[in-house]
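Colleague: Build the full structure now, drawing on both the sequences and the hints.
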Amino acid sequence: MVSIRSIPSTPSSLTHLDLQWVIKHREDRCTLCGQCTSVCPKEAIYLTYRRQRMPKLDILKKKRGSEYRTFTGIRQRTEAANRCIGCGMCATVCPNEAIGPEPNPNDARVRLLQNDKGEAWKRGGRRNVRGSLLDRIVFNRISMLTDPALDAGRHEFQLNTLLGRVLPPEEYLHRQATGEWIPPVREIFPFVIGSMSFGALSPNMWLGLLQGVAYCNEVLGIPVVMATGEGGCPPWVLKSPYLKYIILQIASGYFGWDEIIRAIPDMQCDPAAIEIKYGQGAKPGDGGLLMWFKVSKLIARLRGVPEGVDLPSPPVHQTLYSIEESVMKMIQSLSMAWGFRVPVYPKISGSTSAKSVLNNLVRNPYASALMIDGVDGGTGAAYNVSMDATGHPIASNLRECYLDLVAQGKQNEIPIFAAGGVGKNGNVTQNGLALIMLGASGVHIGKYIMQSAAGCLGSEQNRCNVCNIGICPKGITSQNVKLYRRLDPDQVAERVADTFMAIRTEMKKTLAPLGRSQSLPIGMSDAIGIDDADAAERLQIKYVC
Amino acid sequence: MCRLALKTASKPFSPFGVLTAMEAMQEGYDGSGLGLVLRGVKFTDYTYRGQDPILSGIAHTEAAFHRLGEFMQAKGFQLKYDHEFDADFKKIEAQDRYKYFVRVYRLPESWKYYDKDEVETRLLLTRLELRKNGEDHDGDLTAFSFWPDVATIKEVGWPLGIGEALRLNDNRIKSRVVMAQGRQNTNYGINLYACHPFFIQGIASMTNGENTAYVPIKELLTGMHYPGYIGYQSDSEVFTHILHYVIKQLKLPLETYKHVITPLKTEELNVHPQGEFLKGLRNVCRRMIIDGPNCVIGSLPDETCIMVQDSKKLRPGTVGGHKGEWAMASEMCGVDAMIPDRDRSLDFQPMRENTIIIPPDRKEMKIWSQFDPYPLPQVA
Numbered sequence: 001m002v003s004i005r006s007i008p009s010t011p012s013s014l015t016h017l018d019l020q021w022v023i024k025h026r027e028d029r030c031t032l033c034g035q036c037t038s039v040c041p042k043e044a045i046y047l048t049y050r051r052q053r054m055p056k057l058d059i060l061k062k063k064r065g066s067e068y069r070t071f072t073g074i075r076q077r078t079e080a081a082n083r084c085i086g087c088g089m090c091a092t093v094c095p096n097e098a099i100g101p102e103p104n105p106n107d108a109r110v111r112l113l114q115n116d117k118g119e120a121w122k123r124g125g126r127r128n129v130r131g132s133l134l135d136r137i138v139f140n141r142i143s144m145l146t147d148p149a150l151d152a153g154r155h156e157f158q159l160n161t162l163l164g165r166v167l168p169p170e171e172y173l174h175r176q177a178t179g180e181w182i183p184p185v186r187e188i189f190p191f192v193i194g195s196m197s198f199g200a201l202s203p204n205m206w207l208g209l210l211q212g213v214a215y216c217n218e219v220l221g222i223p224v225v226m227a228t229g230e231g232g233c234p235p236w237v238l239k240s241p242y243l244k245y246i247i248l249q250i251a252s253g254y255f256g257w258d259e260i261i262r263a264i265p266d267m268q269c270d271p272a273a274i275e276i277k278y279g280q281g282a283k284p285g286d287g288g289l290l291m292w293f294k295v296s297k298l299i300a301r302l303r304g305v306p307e308g309v310d311l312p313s314p315p316v317h318q319t320l321y322s323i324e325e326s327v328m329k330m331i332q333s334l335s336m337a338w339g340f341r342v343p344v345y346p347k348i349s350g351s352t353s354a355k356s357v358l359n360n361l362v363r364n365p366y367a368s369a370l371m372i373d374g375v376d377g378g379t380g381a382a383y384n385v386s387m388d389a390t391g392h393p394i395a396s397n398l399r400e401c402y403l404d405l406v407a408q409g410k411q412n413e414i415p416i417f418a419a420g421g422v423g424k425n426g427n428v429t430q431n432g433l434a435l436i437m438l439g440a441s442g443v444h445i446g447k448y449i450m451q452s453a454a455g456c457l458g459s460e461q462n463r464c465n466v467c468n469i470g471i472c473p474k475g476i477t478s479q480n481v482k483l484y485r486r487l488d489p490d491q492v493a494e495r496v497a498d499t500f501m502a503i504r505t506e507m508k509k510t511l512a513p514l515g516r517s518q519s520l521p522i523g524m525s526d527a528i529g530i531d532d533a534d535a536a537e538r539l540q541i542k543y544v545c
Numbered sequence: 546m547c548r549l550a551l552k553t554a555s556k557p558f559s560p561f562g563v564l565t566a567m568e569a570m571q572e573g574y575d576g577s578g579l580g581l582v583l584r585g586v587k588f589t590d591y592t593y594r595g596q597d598p599i600l601s602g603i604a605h606t607e608a609a610f611h612r613l614g615e616f617m618q619a620k621g622f623q624l625k626y627d628h629e630f631d632a633d634f635k636k637i638e639a640q641d642r643y644k645y646f647v648r649v650y651r652l653p654e655s656w657k658y659y660d661k662d663e664v665e666t667r668l669l670l671t672r673l674e675l676r677k678n679g680e681d682h683d684g685d686l687t688a689f690s691f692w693p694d695v696a697t698i699k700e701v702g703w704p705l706g707i708g709e710a711l712r713l714n715d716n717r718i719k720s721r722v723v724m725a726q727g728r729q730n731t732n733y734g735i736n737l738y739a740c741h742p743f744f745i746q747g748i749a750s751m752t753n754g755e756n757t758a759y760v761p762i763k764e765l766l767t768g769m770h771y772p773g774y775i776g777y778q779s780d781s782e783v784f785t786h787i788l789h790y791v792i793k794q795l796k797l798p799l800e801t802y803k804h805v806i807t808p809l810k811t812e813e814l815n816v817h818p819q820g821e822f823l824k825g826l827r828n829v830c831r832r833m834i835i836d837g838p839n840c841v842i843g844s845l846p847d848e849t850c851i852m853v854q855d856s857k858k859l860r861p862g863t864v865g866g867h868k869g870e871w872a873m874a875s876e877m878c879g880v881d882a883m884i885p886d887r888d889r890s891l892d893f894q895p896m897r898e899n900t901i902i903i904p905p906d907r908k909e910m911k912i913w914s915q916f917d918p919y920p921l922p923q924v925a
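For the protein sequence lines, the chains are A and B, in the order given.
Start counting the first sequence at 1; every next residue gets the next number (our numbering).
Start counting the second sequence at 546; every next residue gets the next number (our numbering).
No incorrect hints appear here.
Here are the in silico distance ranges between beta carbons for each label pair:
| # | chain 1 | residue 1 | chain 2 | residue 2 | range |
| --- | --- | --- | --- | --- | --- |
| 1 | B | Asp660 | A | Asn359 | 34 to 40 Å |
| 2 | A | Ile264 | B | Met896 | 45 to 51 Å |
| 3 | A | Pro314 | B | Ser914 | 56 to 62 Å |
| 4 | A | Pro365 | B | Asp660 | 30 to 36 Å |
| 5 | B | Gly621 | A | Arg538 | 48 to 54 Å |
With a Cα cut of at most 30 Å, we get these calculated BS3-like pairs of lysine-lysine:
| # | chain 1 | residue 1 | chain 2 | residue 2 |
| --- | --- | --- | --- | --- |
| 6 | B | Lys763 | A | Lys355 |
| 7 | B | Lys824 | A | Lys410 |
| 8 | A | Lys244 | B | Lys824 |
| 9 | A | Lys410 | B | Lys677 |
| 10 | B | Lys763 | B | Lys793 |
| 11 | B | Lys793 | A | Lys410 |
| 12 | B | Lys824 | A | Lys509 |
| 13 | A | Lys509 | B | Lys858 |
| 14 | A | Lys509 | B | Lys810 |
| 15 | A | Lys297 | A | Lys244 |
| 16 | B | Lys793 | B | Lys858 |
| 17 | A | Lys509 | B | Lys763 |
| 18 | B | Lys810 | B | Lys857 |
| 19 | B | Lys657 | B | Lys587 |
| 20 | B | Lys793 | B | Lys868 |
| 21 | B | Lys677 | A | Lys542 |
| 22 | A | Lys410 | B | Lys810 |
| 23 | B | Lys857 | A | Lys410 |
| 24 | B | Lys556 | B | Lys719 |
| 25 | A | Lys244 | B | Lys810 |
| 26 | B | Lys763 | A | Lys542 |
| 27 | B | Lys763 | A | Lys410 |
| 28 | A | Lys410 | B | Lys796 |
In short, the hints are calculated from the structure, not lab data.
For every residue, glycine included, the Cβ atom is placed at its ideal position computed from N, Cα and C.
Modeller: Written as structure tokens, this is what we have:
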């Protein structure tokens, strides 16, 4: 009997079967090139020498004995800190298809140990819930015999939406006649690249996105805009003619706003809009968090902070005393900064209190829109508990707000933008249009664009999700030049253009059979149905089965 | 699909001629109903002065008819003329018809202190009250219009058959404008109120085709909480209400209607002389952008008639005629049947940017394009 003390078993001991991802390694194919071990962002695998006993029985000599062979093999580490995250970079670099992670169907006990030193589990990524209500919505009001359907390939389609406060027609005519201020309105593509900060994203990713957005606008005629997220905007962008495609975000840390305000006199054009972040779907009630791993020299300069320190933004704006005061102060001062020529709108996390925020905005003549981010939204860094369990799904939250506007006859005045899980399973156009028909004027996409345009490896299976610690294996969310040089900005730009061209085509393919081409079908709830009676009742759409 | 016919002439004519035009276009509809709006009304047995309001509708029971009389009397309206249709009820499909009424009233004494707008609002409210009254009594009373110089007839059945049943060919009722539409709404359930032309405060329009943007537009109009913006048993009713909104509420020229329901594209507005104003107008009225394949034919209190198409011109329409007499129809054969002795080479089929306007003088048709300068430069 082996003494119990010699078995390496502590409360924190794990075997590879306790991990969420198990490395499958085929020694018969492995050439021991070592590329997998060097690329692994978590150092979850290592090359090691192993000894194997080769039992040997020599019958004639009537003598038993053993021989040993020594070989080099690849093994998976089992410490929580080095657990495999399933990114699959090992499989990507393996020349011989000898290695790759596989999801572990057993309980991943590692979850229970991710609180070492009392640190609660923090991660980046997504909520890791694969189901999506939006995926279940179908477009079922097909014009076929009642009217000729449109031709998605040949007819012209007006797919753009408006970002900005729209006056009631009577008021517009009055102000037009008297020469009074008319709030700025932007005509944009309804799929907006959602807020991802310069800091969360690598410089190459940012450059690629911006190049792609500029190409969509200037060559393809798709007026895509992108939001910066908290953390400012590189000075070369602020003073460039591309600023008009950028929604600048101001959040509770005000990071980067010194640079922005100082750049105003040198700006060649106005930004597309200003987004005031009050909340985020992935982590409601939490401020932004840029962990120290990612606070590089460039980021430190941009944000006006020392290098290598955690940058947690406060959960609320310092100026926030009441919603009326906050909205009034922030929206009005930011409008004033650009001479009331730029739409300014708040972003909140999906919540049962969204309606009261909306009603407040309706009465604020300077508020340009409301952006609601649902629980399925992604983030660069958050506590796991916030991501998994805090927030409100977007569909019913949006619908409630929209119907509230309808009841007041204000649905044309304050556009509602929705986000949080749009395209989480790849159905980006379908998800976006479903939200539009529930009442959204447009949607923001973040995770999807990272996956589609930059090859982000994250999935709803808790794959990768390490955006927070700067080791992004694709170089999308890292400030480490060794990592982000893997990402070619030109290729990202090309993929951005590919993505938006495809979304545009899919929009036409969806809207043509519905007989809609002249305006974005915002609130066209008669066109959609869902195979869940309760959801149908809640969303006030048709139940189909 | 609905077939539409409108005839406007300086000299009053019998609506029956327009029904024969409907017959000419019969291939295109299912003959499920008829809606008629007459404007510039003339009765052979009564000298009608244009300013007295005419109440049109159907009393489905005797009790309803008496209730109507009492209701109007209590409001202070004085009955001046009651047009008796020489109706043959056996030829009418529906069984519950007691009386078709077209009655001329004198406004209550007390209304003489009201200005024009107030009188118009009260006329609308009176019609809505009557409609509500009918609905509260199992739909035994249907009120289509209550307005000076406008008579409305709606019924289920084959249009010519209805014309014969009501003996509209006896020339006892004539008018300068007749709008006819030949189908009950079959998209959203059969209901007399769902039959075009729709009417509100002197403005009438009828449409063929489906309005795919119906629900968001309906929600917008309903949200305005304007008393007359109700009903919506048909997706086409919103066209009438948008026309009313543009003319009566926004008080903009008729040409604006086209800019509201089918605005030009941004690149087109960028080179338009009033592009900035029109872009702003498009933004503020974007919920009223229609999206169906539609041809809309309308008429206004001053007897102006218009025709517009959807922005892809997926439903064509034809206008033809000569000085003093014009016809609009969804089919060319309809125009032929209404005005055979015209120069057909001058017929016009409006394009996606056009609004055809026949002014009250009926001298010529005006072909207006959205690319033309906006007619009210001081607003823009």
